[in-house]
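A.B. asks: Chains as they are written, first to last, in our numbering: chain A, 1 to 182; chain B, 183 to 508; chain C, 509 to 896.
Misleading hints may appear alongside valid ones.
Unchecked claim - Calculated lysine-lysine pairs in the DSS-like style (CA-CA distance at most 27 angstroms, straight line):
| # | chain 1 | residue 1 | chain 2 | residue 2 |
| --- | --- | --- | --- | --- |
| 1 | C | Lys715 | C | Lys755 |
| 2 | C | Lys850 | A | Lys20 |
| 3 | A | Lys20 | C | Lys815 |
| 4 | A | Lys15 | C | Lys826 |
| 5 | A | Lys20 | C | Lys769 |
| 6 | C | Lys726 | B | Lys485 |
| 7 | A | Lys20 | C | Lys578 |
| 8 | A | Lys145 | C | Lys826 |
| 9 | A | Lys139 | C | Lys826 |
| 10 | A | Lys143 | C | Lys583 |
| 11 | B | Lys217 | C | Lys715 |
| 12 | A | Lys143 | C | Lys578 |
| 13 | A | Lys136 | C | Lys823 |
| 14 | C | Lys819 | A | Lys20 |
| 15 | C | Lys578 | A | Lys136 |
Just so you know, these hints were derived from the structure itself, not from any lab.
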Amino acid sequence: MEALFSGLSALYLAKCDAAKTGQVFQAFLPASTLVRAAERLLAADYYIEDICAVDCAEGYVVVYHFDHFEAPGRVTLRVLAPHASPVVPSIANVFHGAEWHERETRDFHGVVFEGNPNLIPLLMDPDMADCFPLRKEDKARAKAKDMLEAGEVVYCHPSFTLMTPDAPAEAKESGGDKPATA
Amino acid sequence: MNAIPAELLNILIGLVAVAASVGLIGLVMVWVERKVAGHIQRRPGPYEVGPSGALQPLCDALKLVGKQLFMPLGADPILFWLAPVLAFLPVLLLFLPLPVGDGLQALDVNLGVLLILAFSGLAVLSVLLAGWASNNKYGLLGAARGVAQAVAYEIPLLLSVLAVSFVAGSLDLAQVVKGQGTWPWNWNIMTQPLAFLIYIVSALGETNRAPFDLPEAESELTAGFHTEYSGMGFGLFFLAEYANMVVVCSVATALFLGGWHGPVLPGPVWFVLKVSALMLLMVFVRWTYPRVRFDQLLVINWKWLLPLAVANLLLTAFFVKLAQFA
Amino acid sequence: MTTYQNNDHLAGDFYTQNFAKTAGEGNLILNLGPQHPSTHGVLRVVVELDGEYIMRAEPVLGYLHRMHEKMAEVKTAAQFIPNMGRVDYGHALGWNWAFVGAAELVGGIEVPERAEYIRVITCELNRIASHLLWWGAYLLDLGAFTPIMYAFDDREKILDILQDPTGSRLTYSYYRIGGVAKDLSADCIRRIQEFIPWFRSRLPMYKDLVSDNIILRKRIEDIGVIEQEVCRRFGATGPVARGSGIKYDVRRAQPYSVYPKLDFEIPTSNLKCARGRYDVRMAEMEQSLRIIEQALEMMPEGEVLVKGAPKPSWKVPKGEGYFAVEGARGKIGAYVVSDGGKNIYRTKLRAPGYCNLSLFAEVSQGTILADAVAILGSLDLIIPEIDR
Chain A
1 MEALFSGLSA LYLAKCDAAK TGQVFQAFLP ASTLVRAAER LLAADYYIED ICAVDCAEGY
61 VVVYHFDHFE APGRVTLRVL APHASPVVPS IANVFHGAEW HERETRDFHG VVFEGNPNLI
121 PLLMDPDMAD CFPLRKEDKA RAKAKDMLEA GEVVYCHPSF TLMTPDAPAE AKESGGDKPA
181 TA
Chain B
183 MNAIPAELLN ILIGLVAVAA SVGLIGLVMV WVERKVAGHI QRRPGPYEVG PSGALQPLCD
243 ALKLVGKQLF MPLGADPILF WLAPVLAFLP VLLLFLPLPV GDGLQALDVN LGVLLILAFS
303 GLAVLSVLLA GWASNNKYGL LGAARGVAQA VAYEIPLLLS VLAVSFVAGS LDLAQVVKGQ
363 GTWPWNWNIM TQPLAFLIYI VSALGETNRA PFDLPEAESE LTAGFHTEYS GMGFGLFFLA
423 EYANMVVVCS VATALFLGGW HGPVLPGPVW FVLKVSALML LMVFVRWTYP RVRFDQLLVI
483 NWKWLLPLAV ANLLLTAFFV KLAQFA
Chain C
509 MTTYQNNDHL AGDFYTQNFA KTAGEGNLIL NLGPQHPSTH GVLRVVVELD GEYIMRAEPV
569 LGYLHRMHEK MAEVKTAAQF IPNMGRVDYG HALGWNWAFV GAAELVGGIE VPERAEYIRV
629 ITCELNRIAS HLLWWGAYLL DLGAFTPIMY AFDDREKILD ILQDPTGSRL TYSYYRIGGV
689 AKDLSADCIR RIQEFIPWFR SRLPMYKDLV SDNIILRKRI EDIGVIEQEV CRRFGATGPV
749 ARGSGIKYDV RRAQPYSVYP KLDFEIPTSN LKCARGRYDV RMAEMEQSLR IIEQALEMMP
809 EGEVLVKGAP KPSWKVPKGE GYFAVEGARG KIGAYVVSDG GKNIYRTKLR APGYCNLSLF
869 AEVSQGTILA DAVAILGSLD LIIPEIDR
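This is chain A alone, in the form it adopts within the complex:
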C-alpha cells in the first residue's frame, strides 16, 4: 500500500484499523500530486466511493474514499484546501464519477475543483450557488487532529503537523503551528 504512494511527496501516510474507523489506509497528499495518486488508484483497480469535505480550523480537508471490488479495504486520501482560496485539482478526468461528488462538494463547501469539466451547481439552486451551507463559523471550527483518525503512522513529513497531536510528549522536531498548505 505504501508503494502506491511512493514518489508522490505524500505528507502523511498511516495504517488504520478497519474495525474502528472503517478504513485500512490513509494518505494526506499535497494538492499537486492528487491527480497522480488517483491515476495510480485507478490503475490498481480501485473504485471511487465518495468525496466530501470537512471544514476544520486549518482549512477544508477534502476527503476521498476509494475501495476495491476484489480486495476490499477502504483507502482514504486527504487534501487540505485553505479557507482563503479553497482550490483543489479535479480528479474527474481520472474517475469520471468524481465529477458529481466534486460538484456536490463545491455546492456545500465552496471548494473549487480546478479542471472539473462541468463545475456548475448540482444539488443546490443555481441562484443560490454562492452560499455554502456546510461552511462553519470560525469559532465553531474544530481542529483536524482532534477529529480525524491518526492511525498507525507509516510516514510523516517533518513539516506536516495537521494530524500529529499537540501533546509535547510526542516531541516532534518541527512543531510549528503553521498548517501545511500545499
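Keeping the supplied structure of chain A fixed, place chains B and C upon it in accordance with the hints.
C.D. replies: Structure of chains B and C alone, referenced to chain A:
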C-alpha cells in the same frame, strides 16, 4: 311529393345509428376495459357508481365535457382543434359499410373494404396535426412515431385483406361474408390463417393499441401526440381509438370469422359476439404485454409482416388461378 | 449571479441553457422531467436528441434536495435517525443501519446478538420490498401495466409485517444506537414465517409471466451495457455492479453484523446489460428469503437494546468512522466525523443511487429514447436518496 330516395334514407338512418352507437360503444368499452384490467390486476376495477361501476364511464365522460379546453401558448389554433375532429369524424364513415347482419348494412357499397381502408388512413393525419400543432416536443415525437407506424402497418393490413378478397372474389364485405358458412370450418380463417394473424397484429399497430401504443407511449413521451389536449379534445381521441378498435374487429369478423353466420342465434347477435371476442383479445393483450421499442416495431413490420403478407398474397393468387383452371 | 457565463440568448432555465450551448445544429433539446411518468419523482434529465437518438444526456438533480447533512449538524446522533428513513423510502432500514452503524463504530458500542438478527431480518424484508417496488415500476416504464399490482400485493404483506415492530410503513426509524427499538413479537415472527413460502411460490410465476416474455427480453437485453471498468470509474455498486459481473456485496466484502454466519450467495450476471441487473435483483429476492429463514432459526433470546444504551443526548466521542451496508441499490455509506460535541461535526451520506446515476450520461449516449427509459429504470433510482 318527391319521395326521398330510399338509398339516401338508408344512409341517413345508418349515420344516426352509427353516431349513437359509437358513443355507446365508447362508454361500454371504457367500462369493459377498466373492469377487465382490474380483474387482470387482482383488483375489482370501478364499482362505486352504478351496478358494478357501470355508470363510471358516464361520470368520466361528463367530467371530460366539463373540463376547460386548454390550448398551449404558441400552438396553431386551427390545426390544434381540427386534429381531434379529424380523428373522430372519419370513424363514423368507417361504420357505414359494416355488414352487421344479412342485409343489415348502412351503405351497401361494392368496394366496402376499400372505403374502410381509405378513410382509416385519415387517422394518421389527425395524429400528425395534433402533434405538430401542439407546440410540444413530446407531441412532435409522438406524431413522428405515429406517422411512421401507421404508414408501415397499413401495408401488411391491406395485403392480408387483399388475400381474402382474392378468395372471395369481391371487395364488398357483405359478399365476403356470404361466401362463408355457418360453422368455423367454413370461415375464411381456415383458408387464410396467416392473413388473419397478420391482420390482427397490424390492426393493433394501426389502432395504436398496446403493445404498439408508441405514439402515446406514456413512460417515454408522457402522452405523445395528445399530451396537450384536455377535456373533450382528449375525449375525441379517446373515443376515436375505441371506435377504431370496433371497426378493425368488425372487419376481421366479416373477413375471417364468418361475419353474421352462426348456428341457432340470429345473425347480428353472432356478429356482435365475434366482435366482442376480438375486442376482449385486444384488451387482454394490452394489459399483459410490455411495449415494444420503436425500431423493433418497424422491424416486425418490414422484416416479418410485410414479406409474409406478400408471400401469402402470391400463394393465394396462385391457388385461386389454379382453381379457375381446374 | 456572476459566477457563470450568461447564456440568456438560449431558451430555458440555467441548466437547459448551459446544456444547449454546446448542442449540435438542428438537434432537439428535450427536458425529461422533473415531472415525467418514468423518472419516478423529480429527476430531470436534459437530453439532446437527433431524431430519437440521444446524442448527450445530463441528469439535473436537486429538486428533492433537503440537505440532510446540514440537518445532521444541528441534531444529536439519536435525533438524526428519523432522517435516515426519509433519505430513501425504498430501503429505509438500510439507511437506518448505515448511520446507526457508523455511530456505533465511532462510539465503540456493542449490539446484542438478538438485535443483530432482528436487524438482518427486517433489513432483508425491506430489501425485498424495495426490489418489488423497483420491479413493478420498471415494468410500468416498459409499458406493462399489470406487474406492479402483483408486486404491490406482495409488498403490502411485507409492509404489514414491518409495521408491527417499526410502527411505520415506509419511512422507518427503527434501529437505535446499540440495538433496535422493539423486539419482534411472536405474531410478527409467525407472519414472517408464513410470508416466506408464500413469496417463494410467487417468484416462479413472475418468471413465467414476466421475466421470460419475449417483448420484455427484447427491450432489456443488450441495452445499457456497463463495463466493469465503468463501474470502477463511477463507483457503481449493488445490483448495477453485480449485473456487470462484479461479485461485490458489502455483506460479504466488508462483513458486518451476523452476515458471516449466514449462508447465502451473491447473484451476479455477466450480461452487463439491463437484463443482467434485472436477473440479479430477481435472484436477490430469493437470497433474501434464504437469509431471513436462517436468521429466524438462529435468532437467540435476549435483549434487543444494549444495557446502558445511549440516551438521545448522547455525544458521539471524538473520532471518525465510515460504515457501509449493502442497500437494495448498492453500498450505503455513512461517514461520521465527530469532535465530541453535542452534534456530530460532519456527516457524509454516500448514496448508492447517486453514483449509479452518474454513469447514465455515458451509458445512454447513442441509444434511443425508449432505451434511455429502460436504462434509467434498470439503475433502480430513488430520487430522495440521490438528492438527499
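A.B. asks: Look at each hint and say if it fits the structure.
C.D. replies: Results for each hint:
no., hint, verdict
1, Lys715/C with Lys755/C, "holds (23 angstroms)"
2, Lys850/C with Lys20/A, "holds (21 angstroms)"
3, Lys20/A with Lys815/C, "holds (21 angstroms)"
4, Lys15/A with Lys826/C, "holds (18 angstroms)"
5, Lys20/A with Lys769/C, "holds (21 angstroms)"
6, Lys726/C with Lys485/B, "holds (16 angstroms)"
7, Lys20/A with Lys578/C, "holds (25 angstroms)"
8, Lys145/A with Lys826/C, "holds (10 angstroms)"
9, Lys139/A with Lys826/C, "holds (18 angstroms)"
10, Lys143/A with Lys583/C, "holds (21 angstroms)"
11, Lys217/B with Lys715/C, "holds (26 angstroms)"
12, Lys143/A with Lys578/C, "holds (19 angstroms)"
13, Lys136/A with Lys823/C, "holds (19 angstroms)"
14, Lys819/C with Lys20/A, "holds (22 angstroms)"
15, Lys578/C with Lys136/A, "holds (11 angstroms)"
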